[in-house]
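Student: Single-letter residue listing:
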Amino acid sequence: MEPRIGVFICHCGSNIANTVDVEEVVRYASTLPDVVHADHNMYSCSEDGVGSIKAKIKEKGIDRVVVAACTPRTHEPLFRNACEAAGINRYLFEFVNIREHCSWIHMKERELATEKAKRLVRMGVAKVALLTPQEESESPVVKSAAVIGGGVSGMTAAISLADQGFETHLIEKGSELGGLVKDLGALFPSESTPLEFVKTMRDETAASGVRIHLSSEIKDIQGYIGNFDVTISENGKEEKFKVGVVITATGADELKPVGEYGYGRYPNVITQSELEKKLAKGERVGNTVMIQCVGARQPGREYCSRICCMTAIKNAGRILALEPKSRVVVVHRDIMSYNARNEALYRKSMEDGVTYLRYTLEDKPRVEGRDRAEKITLREETLDEDIALPFDTLVLSTPLVPNPDNGKLQKMLKVPLDRDGFFLEAHVKLRPVEFATDGVFICGCARWPSDVPECISQAGAAAAKASIPLRAGKVRTEAITAEVDETTCTGCGNCIATCAYGAISIVEVEGMRVARVNLAQCKGCGACVGSCHNGSIQQRGFTEKQLISMIDCLTEGD
Amino acid sequence: MPEFEPRILAFCCNWCSYAGADLAGVSRLQMPPNIHIIRVMCSGNVKPEYVVKSLVEGVDGVLVLGCHIGDCHYISGNHRTIKRFALLERLMDDLGIDKRRIRVDWVSASEGEKFQKVVSEFVAQVKSLGPNDIRRDAA
Amino acid sequence: MKEDAAKICRRLLDSREVDGVLGLEMVGNIPTPKVFAQADDLGRFEVEPVFPIVTLLRNIWPFTGKERIALVVRGCHELAIKELAKREIVDLKRIHMVGMACSEEQARTCRCLRPYPTKTDIGTKVKGVEDELAKSLRKMTLEERGRFWEEQFKKCNKCYGCSENCPVCVCEDCALEDCAFVRTEGIPPSKAFHIIRAYHVADKCIECGECERSCPVAIPLRSLQRMLADDIKELFGYQAGMDDRQSPVVTTLEDAPLKEESE
Amino acid sequence: MSDRERTVVVVGGGIAGIQVSLDLANMGFDVHLVERTPSIGGRMAQLDKTFPTNDCSMCILSPKMIECANNPRIKMHTYSELESVKGAFPAFEVVIREKARYVDLTRCTGCGDCVAKCPSKVSSEFDAGLVKRKAIYVPFVQAVPKKMTIDKEHCIMITKGKCGNCKKACKAGAIDYDQKDNLITFEASAIVLATGFDVFDVTVAQEFSYGRAKNVLTSLELERMLNASGPTGGHIVRPSDHQEPKKIAFIQCVCSRDKKYKEYCSSVCCMYATKEAILAREHCPELSSTIFYMDLRAVGKGFQNFVQRAKRDYGVEYIRARPAKVEEDPTTGDALVYYENSRTGESIARRYDMVVLCPALVPTLGSESLCSLLGVRIDGDKFVAIPRPADRPVDTSVKGIFACGFCQTPMDIPDSVVQASGAAARVAQALGVS
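Chains as they are written, first to last, in my numbering: chain C, 1 to 558; chain B, 1 to 139; chain Z, 1 to 263; chain V, 1 to 434.
None of these hints come from the bench; they were simulated from the model. Treat the hints with care, since some could be wrong.
To give an idea of the chain C side of the interface with chain Z (calculated C-beta under 10 Å), a few residues [claimed, not checked]:
#1 Arg202
#2 Ala206
#3 Cys495
#4 Ile496
#5 Thr498
#6 Gly535
#7 Asp552
Within a straight-line C-alpha distance of at most 27 Å, the following computed DSSO-like cross-link-like pairs (lysine-lysine) qualify [to be verified]:
#8 Lys155(Z) to Lys99(B)
#9 Lys171(V) to Lys54(C)
#10 Lys168(V) to Lys108(C)
#11 Lys414(C) to Lys86(Z)
#12 Lys99(B) to Lys108(C)
#13 Lys108(C) to Lys117(V)
#14 Lys259(V) to Lys348(C)
#15 Lys108(C) to Lys171(V)
#16 Lys139(Z) to Lys99(B)
#17 Lys182(C) to Lys256(C)
#18 Lys99(B) to Lys545(C)
#19 Lys247(V) to Lys325(V)
#20 Lys99(B) to Lys154(Z)
#21 Lys146(V) to Lys108(C)
Restraint-style ranges between C-beta atoms, simulated for each label pair [unchecked claim]:
#22 Glu76(C) to Gly186(Z): 34 to 42 Å
#23 Glu191(C) to Leu365(V): 27 to 35 Å
#24 Asp244(Z) to Leu361(C): 34 to 42 Å
#25 Gly87(C) to Ser84(V): 43 to 51 Å
The C-beta atom is built at its ideal place from N, Cα and C for all residues, glycine as well.
Please build the complete structure, drawing on both the sequences and the hints.
Tutor: Have a look at this one:
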């Protein structure tokens with residue numbers, strides 16, 4: 001059946017009509033192939049305008065629509081809806097921009113702008129004739145979740161999902177829940193001790209009905225959003241379950257700075273976490289010097305681990321509280337007490353008598369001692385003086401480093417790691433707890449060193465994002481996706497390598513290897529199309545034929 | 001003889017460069033009417049074959065505009081674009097074809113002025129190159 | 001040479017390491033492609049002249065029912081098979097390559113930089129030969145180069161030999177036959193034909209020269225491919241057939257970005 | 001779930017408010033998004049680029065704004081404020097005042113014909129006062145909704161009863177000088193606060209000469225200047241003589257980490273100053289920047305690397321010092337920055353073409369009264385108080401009312417986005433099984 005195309009040109013008040021001869025464009029449009037109706041409106045987007053388009057669709061039996069007006073980026077949904085309301089598929093619509101891309105940028109060239117508008121309309125008509133109806137399909141989502149890692153981030157995310165009524169598996173490789181926090185000596189900014197804190201959270205986890213898998217290791221994860229198959233080994237026993245979403249909360253480890261400042265050589269040189277354990281047991285540490293940024297913010301490991309300054313401030317305070325006579329000096333390069341709460345703690349720490357001195361990367365402190373480390377000397381940056389600091393205990397603040405399991409998990413989940421080995425989120429600014437791969441989320445120190453409130457916020461955020469497909473029980477797939485012509489595909493795999501979303505895979509059809517697009521994962525960018533020499537993969541709504549029909553309008557005479 | 005008015009095609013990605021073109025319009029930045037935009041979702045969708053075809057069949061110049069590297073709405077579509085077109089440009093050079101009829105550039109959604117600049121420069125450049133000598137009947 | 005080759009192939013068939021050998025058989029004076037199933041058939045086995053054995057392998061193997069196949073490969077053939085294997089069009093595990101170094105004369109005819117395979121079973125390695133035409137084309141001005149190719153392409157009668165015989169030109173629906181890209185009317189064809197052909201094989205061309213050998217009007221396509229291979233090496237540090245990685249033109253995230261990209 | 005149980009009010013249409021609205025709507029809740037200004041977008045819309053990737057702020061924000069407008073579960077109330085809230089979780093009775101815009105939103109197409117004819121010019125809030133807008137205006141080109149608003153205080157027709165140019169210019173018949181405020185009442189189960197921040201008025205800190213010395217700017221003013229669609233079209237110029245500056249100084253912690261003004265750290269200044277220094281250099285290759293700082297707080301993902309790049313590739317100089325004062329050289333318009341060499345105690349004066357102050361960022365003007373309306377506790381700095389930060393980082397002192405983003409403590413965009421989604425999770429959790 002021949003298409004029956006309707007073309008509607010908008011005046012946009014005077015915005016288009018002042019530059020483009022709208023009547024002339026209408027006259028021209030009516031001469032184009034398959035155009036059964038061409039018309040104009042003062043404001044196509046107004047109630048009247050949309051109403052008249054709908055009426056004409058019905059009256060003239062129009063089955064494809066071109067609107068030439070402003071920009072599809074704001075107005076396309078409106079006209080698509082109008083098409084749908086008038087009974088034609090919303091994807092049999094093409095938007096031609098003759099305002100932003102014509103009348104407004106060629107204001108002094110009425111004739112040329114009119115000619116250009118005609119060509120643009122012709123291109124739109126050529127394309128719309130070749131468009132095919134599209135459906136936004138749906139793919140089901142298993143209403144359960146897997147959370148990997150049983151620290152405070154993992155527990156929080158699991159509780160949040162379980163409280164919303166979803167079956168949630170919490171998978172922890174150790175024998176108990178609590179991650180790094182359970183080993184802390186104190187918790188800022190909280191009244192409760194870390195053990196109480198973790199215990200409360202464990203109880204909440206159990207009470208909310210989370211299925212806890214301790215001493216468990218991930219063996220395999222296959223699938224995509226809505227439909228992951230997870231295999232774990234729990235105490236050596238294999239277990240399989242299906243989940244719709246996966247949250248990664250595998251945390252990070254404290255760097256053991258072997259060889260730095262006599263660590264490993266002198267018994268009284270310890271890390272912050274070792275100090276926490278001593279303090280928790282009530283051990284005395286005496287006069288203490290803390291060195292910040294040990295193994296961080298230096299070539300080889302450039303990043304700042306974000307939380308160590310606050311840890312030092314917290315522990316310095318705890319030492320003074322236990323041993324008021326001890327002297328505590330923190331030697332640092334910058335104190336990272338960002339935000340209001342942290343800055344207040346830093347201020348209080350100084351008021352409480354903790355001394356803060358600066359060193360530079362170029363001139364690091366030096367440790368001296370025999371059986372035990374006894375003192376450090378450093379060039380104090382602000383004073384530009386050499387200072388010697390004797391101590392009983394030297395505490396090294398070391399950064400959190402990525403969990404060594406990240407690499408393994410990364411491969412199973414098909415998600416990227418950043419240059420430092422932490423998980424790389426979908427967008428550093430606006431999608432901090434998501435991956436580019438749908439249905440997989442990230443929170444806590446596995447993404448970046450974070451303090452407890454930040455981990456809890458991120459865990460909540462990941463749970464919120466994960467709950468969206470779970471609540472819906474389905475994911476809507478894009479209508480504008482790639483599709484493969486399996487009769488011509490050679491299975492060369494160019495498209496697979498090109499796809500940033502891992503949406504394409506090779507399947508065997510009647511003994512032939514061909515590419516297949518998983519619609520639940522395809523985002524419709526069409527990058528794969530550009531890689532297919534065969535033309536076997538096409539993007540719906542932007543097919544080779546459709547784009548070429550537009551190009552042809554420019555190469556042929558008017 | 002009237003001045004040569006080249007016919008120019010621009011592929012713009014939906015998220016950045018098309019939006020940049022919109023902003024140019026909203027800001028009423030004037031530019032030569034030689035340019036005709038085809039919207040694609042991502043510059044990674046633009047096959048170099050389209051550009052070759054356009055030039056061979058008589059379009060005088062082709063712009064391929066995407067998001068800045070790092071800003072691609074689809075993570076890395078524009079990485080593909082730049083690689084493909086870098087190769088095409090070298091190939092054209094090897095064949096003794098003037099690659100200045102093609103320009104790949106990045107325009108963000110807030111760079112209305114850059115859009116204007118790229119278009120104006122490109123139109124001027126193609127004008128200076130004269131009528132398309134790649135087209136089949138020009139040979 | 002051919003005796004050495006036949007000997008190796010006989011052993012492979014006898015030991016059941018392979019159940020077929022792809023090669024040439026002298027039928028009268030004409031070397032004709034054949035799949036040898038029996039060691040006894042190898043009497044008239046031939047390895048000369050150079051012929052598109054990889055293209056043949058790709059096209060006929062699926063229909064021979066052979067599980068494992070042996071063939072005598074030259075340097076370029078080996079690389080072509082690697083490129084095909086990367087795309088999982090052939091399975092390396094099912095191929096036994098008998099490496100043969102090309103003669104000095106052959107290397108000169110082919111203007112071949114690497115006229116030997118990684119492992120040479122037959123023949124003696126000779127030095128590679130520079131492509132002087134490619135070099136002189138590089139030195140020309142753009143206009144001169146344009147005129148050179150213009151003259152060459154005028155001869156083209158669009159026989160598709162260059163693409164049909166190319167070992168790495170693997171599409172089912174060739175864009176060159178698609179009237180959307182290359183208008184059907186007219187000989188010589190438009191430049192789109194040559195640009196698209198070269199672009200499509202650019203990242204997998206192993207410079208076997210089959211395109212040029214197949215060309216009835218002797219367009220020096222090999223020199224074009226030579227220049228293009230240099231371009232790719234310069235742009236991406238990539239060499240088709242030599243690199244195990246996927247083509248940089250299709251991948252992005254793993255490999256190093258172009259300079260402009262990393263900014 | 002009943003309508004009331006499904007309904008959530010979000011206050012503030014910046015990135016945090018937008019994110020929490022989108023998440024809640026996608027989770028199946030009905031959202032009323034209340035924004036005080038005529039468009040959503042908030043502070044992020046004013047930014048040129050965002051650190052540490054330097055992506056274009058509007059490019060990544062604008063799709064979210066449009067998504068907000070198109071989501072059928074989100075009812076946007078722009079140019080609106082919370083009038084009153086009664087009741088308690090999970091049954092709040094909410095009244096929203098939609099202020100009169102004197103423009104019929106169903107008719108206005110945002111075409112701008114009226115703006116061209118409006119005679120009344122007002123300093124543009126969006127462009128940090130660097131240029132004028134009209135009394136009838138859209139705050140910025142990508143505004144959502146892209147509809148006009150008449151600023152009644154500056155409209156000659158409304159204040160003096162004569163003019164009417166916009167009404168004549170409007171072919172859509174959208175102008176309505178008699179429009180009244182509209183009160184909307186409904187029930188909601190939860191409220192999320194995302195009211196963001198204002199820039200502290202640094203004119204009070206006279207030592208920095210802001211407002212007196214022409215070439216002393218705030219960082220937000222520079223940000224607008226850097227923006228290609230900003231008041232100078234992306235050109236950095238000295239306000240005094242419109243010349244391109246060669247040397248710029250950034251001063252950190254202006255009125256923050258300072259007992260006289262705000263004691264806290266605003267969290268984002270070290271990084272945005274670094275970003276602005278990089279961008280400034282990209283705009284003018286001749287330009288060099290100095291950042292005067294106390295501690296360089298580059299704690300987020302990729303931040304240290306960003307600072308290293310600024311030093312290495314963009315010649316940004318970092319000086320650890322707290323300048324005591326900035327003075328204008330009246331003959332040249334240059335600004336002199338006085339600071340102390342910490343070692344010798346000697347006072348140094350350095351001459352710059354332009355000085356950029358990075359002021360304390362403070363809770364928005366209306367947030368205190370909003371909190372008192374809701375009974376939500378605030379802290380000493382007037383941020384929304386979070387009683388249990390460790391395990392309930394987005395819960396306020398009132399059950400069912402949550403707070404995310406800068407309104408509860410200074411934080412950058414990713415942290416705000418995280419908290420926004422985190423707040424959505426808390427709402428969902430509080431309301432129980434889906």
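Student: Against each hint, give a clear statement of whether it holds in the structure.
Tutor: Here is how each hint holds up against the structure:
Checking arginine 202(C) against chain Z by beta carbon gives a least distance of about 39 Å; that is not within 10 Å, so the hint is violated. Nearest Cβ of chain Z to the Cβ of alanine 206(C): about 41 Å, over the 10 Å cut. The hint is violated. Checking cysteine 495(C) against chain Z by beta carbon gives a least distance of about 8 Å; that is within 10 Å, so the hint holds. The criterion of a C-beta within 10 Å of any C-beta in chain Z is met by isoleucine 496(C), whose closest approach is roughly 9 Å, and the hint holds.
Look at threonine 498(C): its Cβ gets to within about 5 Å of chain Z, closer than 10 Å, so that hint holds up. Interface hint status for glycine 535(C): upheld, as the beta-carbon distance to the closest one in chain Z is roughly 6 Å, under 10 Å. For aspartate 552(C), the suggested interface contact is upheld, since its CB lies about 9 Å from the closest CB of chain Z, less than 10 Å. Between lysine 155(Z) and lysine 99(B) the alpha-carbon distance is near 24 Å, which keeps this suggested pair within the 27 Å criterion.
A threshold of 27 Å between alpha carbons decides the hint, and for lysine 171(V) with lysine 54(C) the separation of about 22 Å falls inside it, so the pair holds. Taking the CA atoms of lysine 168(V) and lysine 108(C), the gap is about 24 Å. The hint holds against a cut of 27 Å. For the given pair, lysine 414(C) sits about 20 Å from lysine 86(Z) by alpha-carbon distance, which is consistent with the 27 Å threshold. The hinted pair formed by lysine 99(B) and lysine 108(C) fails the criterion: a straight-line CA distance of about 31 Å is larger than 27 Å.
Taking the CA atoms of lysine 108(C) and lysine 117(V), the gap is near 20 Å; set against the 27 Å cutoff, the hint holds. Between lysine 259(V) and lysine 348(C), the direct Cα distance comes to roughly 13 Å. Compliance with the 27 Å bound is thereby established for this hinted pair. Distance restraint check for lysine 108(C) and lysine 171(V): the Cα-Cα separation of roughly 22 Å lies within the 27 Å cut-off, and the hinted pair is therefore satisfied. At roughly 17 Å between alpha-carbon atoms, lysine 139(Z) and lysine 99(B) fall within 27 Å of each other, so this suggested pair holds.
For the given pair, lysine 182(C) sits about 18 Å from lysine 256(C) by alpha-carbon distance, which is consistent with the 27 Å threshold. As the CA atoms of lysine 99(B) and lysine 545(C) are separated by approximately 25 Å, the hinted pair is consistent with the 27 Å bound. Our distance criterion of 27 Å between C-alpha atoms is met by lysine 247(V) and lysine 325(V), whose separation comes to about 17 Å. For the hint pairing lysine 99(B) with lysine 154(Z), the CA-to-CA distance comes to about 21 Å; that is within 27 Å, so the pair holds.
The hinted pair formed by lysine 146(V) and lysine 108(C) meets the criterion: a straight-line CA distance of about 26 Å does not exceed 27 Å. Between glutamate 76(C) and glycine 186(Z) the beta carbons are some 40 Å apart, a value that agrees with the proposed interval 34 to 42 Å. Between glutamate 191(C) and leucine 365(V) the C-beta distance comes to about 33 Å, which sits within the given range of 27 to 35 Å. A beta carbon spacing of about 40 Å between aspartate 244(Z) and leucine 361(C) agrees with the range 34 to 42 Å that was offered as a hint.
Restraint check, glycine 87(C) to serine 84(V): a C-beta distance of roughly 46 Å satisfies the suggested window 43 to 51 Å.
Checked against the numbered hints listed earlier, the structure breaks hints 1, 2, 12; every other hint is satisfied.
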